[in-house]
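Undergrad: Given the coordinates of chain U, work out where chain V should sit on it, guided by the hints.
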Amino acid sequence: MKSFQLVWHFFSEQIKWATWFYGILVILTIGMTIAANHWGFFDNLDTRNTTSTIFILIIGLLYSYWFLDHYFKLGVSRKKYFKAALFATAMLSIVLALVTTIIITLFETIVPNLGFAVPWTDLLTENGSLFVIQSFVDYSFYHFVYLLIGWFMGIGFYRFRWRFGLLFIILSFPFIGITEFLQNKAGVAHTMKFFTANPQIISIGPYLIFLIMIAILIVSNYRLTKDAPIRL
Amino acid sequence: MSYSIEVSDLTVYYKNFKALDQLNFKLSPGKVHGILGRNGAGKTTLLMYLASFHKAKHGTIVIDGEDPFENERIIQGTSFIYEKDNTYHYDKIDKIIKSIHYFRPHFDEAYARDLAKRFKIPMKKSVDQLSRGQSSALQITIGLASRTPLTIFDEAYLGMDAPARELFYKEILLEQERYPRTILFSTHLVSEMEYLFDEVLIIDNGKVLLQETNEQLLEKGHSITGPKENVEAFTKTLKVIHEEMLGRTKSVMVYGHLPEQEQRKAVELGLEIGTLSINNLFIHLTREGEEA
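Chains as they are written, first to last, in full-length UniProt numbering: chain U, 1 to 232; chain V, 1 to 292.
With the rest of the complex left out, here is chain V:
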């Protein structure tokens, strides 16, 4: 069970600041979506609207065919996992895990306990006594075990060490195989998590910069390296997002479809063609205009 998402002309203002500017996109159900963007791009604002934390005033949001705001079915089926302030949360972990099934009908308590054990979350402690990483791990445990049709992770791993993050990523893949749902990931650890994404949505300055499947995105990012003159001649009509010089050798990153015929031509010119990671594409696409 998983929800589809359709956003049309969503615009959000914080006083005079336009945080989201006429966003239009569709997210297919049952997939892992990477929601990427620089600091202040509008990711968390968007996720808060998708989770019905706020009512959309300009534009519409449709989740699983319905307006999600105050929609009991959609709200019950949506988890928003982020770094919470637990300073005043005195309940014991054990009690929390016991009580979630009242709220989340698909919550798997045995799985939650197993995950908590693997994340080394001390069950007898209260939430306010957990370290930052343990607190994040607890949120992730609840998020995964709730098995809600729409699960949103907004920088949910903060404070978690590398082995715990690795366990989280593995569980995402396993859970997605067992109980497919729509998962949205907002993250800055793009290089670490890009293999998890089925689709990627990049937001820049409140606007959709691009939306592609993981494969499409990888097919569109190329590095071209070779003698400066040949590289410049070859990339004259391409969208160059980054360039570097090393003596007479030039290396550029381009974004766009490169047909096989073009690739053969590049080889004939003595150019080396490589692929770009999502992380590289994200860094350079969102830095346009900033590059020195």
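So that you can see chain U by itself, here it is in the shape it has in the complex:
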């Protein structure tokens, strides 16, 4: 099987799951919007991150237990699988970020026109199109890191079983903590001002940290995958 075919196979399988997930999420959000407008609760729904983060993390966890196992048994080497997984991860992160951005933008545009209030504050669309684009980039990074973290935990469990697998969850905490912290732009800027007053460094700093974390996770996942024993 050619590498691009494998990437596409991998990606389309994930997209199939994502379609189900986002379909359900959209229906739930519509339901909650109606409920929030009628009964006045759910005044600040977190539709953007928490739910999709959990979904992304689960997909990442399945990388080894499902995809590595499945593809290896169909004659794909670990190295080829790893490359395909990495490309598919990048593609999925971008596509999911795009879908998330489009869904939120549509919601924030259509819902007020129907006479309803959007049940969350910090509207994505209220700060102009540049902010929408920046949010799309943020979501892409965010998804990518969470997929890599899920992959890291999953390969730890797959390779070393549950006892040492638990250690990989603990090792993931700093990555999750930093990722969550980097989402809070005001908090990041406030912290970075301790070190520098340069506004450019303050604005690109989080992305640099993201990139360093991504590099650490990619190298770790590769080293754990390249000679991983395959389970029966």
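Some residues of chain U that are not near chain V, with every Cβ distance over 10 Å (derived):
#: 1; residue: Phe11
#: 2; residue: Leu25
#: 3; residue: Ile27
#: 4; residue: Gly31
#: 5; residue: Leu86
#: 6; residue: Ile102
#: 7; residue: Leu106
#: 8; residue: Thr109
#: 9; residue: Thr125
#: 10; residue: Glu126
#: 11; residue: Gly165
#: 12; residue: Leu167
#: 13; residue: Leu171
#: 14; residue: Gln200
#: 15; residue: Ile209
#: 16; residue: Arg223
A few chain V residues facing chain U, derived, Cβ under 7 Å:
#: 17; residue: Phe53
#: 18; residue: His54
#: 19; residue: Lys55
#: 20; residue: Glu72
#: 21; residue: Ile75
#: 22; residue: Gln76
#: 23; residue: Phe103
The hints are simulated quantities; they were obtained by calculation from the structure and are not laboratory data. For glycine and all other residues, C-beta sits at the position ideal for the given N, C-alpha and C.
TA: Just chain V now, with coordinates in the frame of chain U:
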């Protein structure tokens, strides 16, 4: 197209337990090899190493002249068929059969569909909805139709009824004639499958107990029956693997070459000489030390 296999000093530990102990053997290409052994003898461990599921730490494995671990050509050309847990496999059979050719370049989809029909595998069902026997039949269908140069069946028939197993055995012979490949069979149904084997490798307690061609093995197994004293005198220098008494008549099974001269001598002593099946040899060779 078929792969040869050469294993040298392969030793595998599971923590402190030595699962394989300095295995050395060669398997010739294009043949059906029976890999036999008692429960826990190390068959599945060996097959997993041959299929590159694990990296050999002690000893070497060479398949078709190359180290198979992370070797894309060898991995793509190796199928390992065993009883899989399909609880969470929701794909439809039809979709699976359609997609295999992406991974296995020699996959024959028409043959797979024909086999699936003959095994009565419902194409519209998803894998998790199949019975145990149907699931095994699906794995076998994919294994046969993939036509990989090395095809490993590890107790692949579990749950399949007798007619389905019979069909599987017939297909093995037909396929081997059409597209010869190296086939490894690990099985406990020795009596049912022994006619399929070109060569037999018996593993016992992680070690190679014997490796022979089917013919050599059959030539080396004999039953000798007759009066107790004569049987005992005749078999004094032979390797007796099993013995039974019925009144004054004794019947023994021996393993080893019995020249024609010796056989004539046995007849002169009034002894009856018969051949042993691979199943009988396997049972009694691997029970040495256990016999009452």
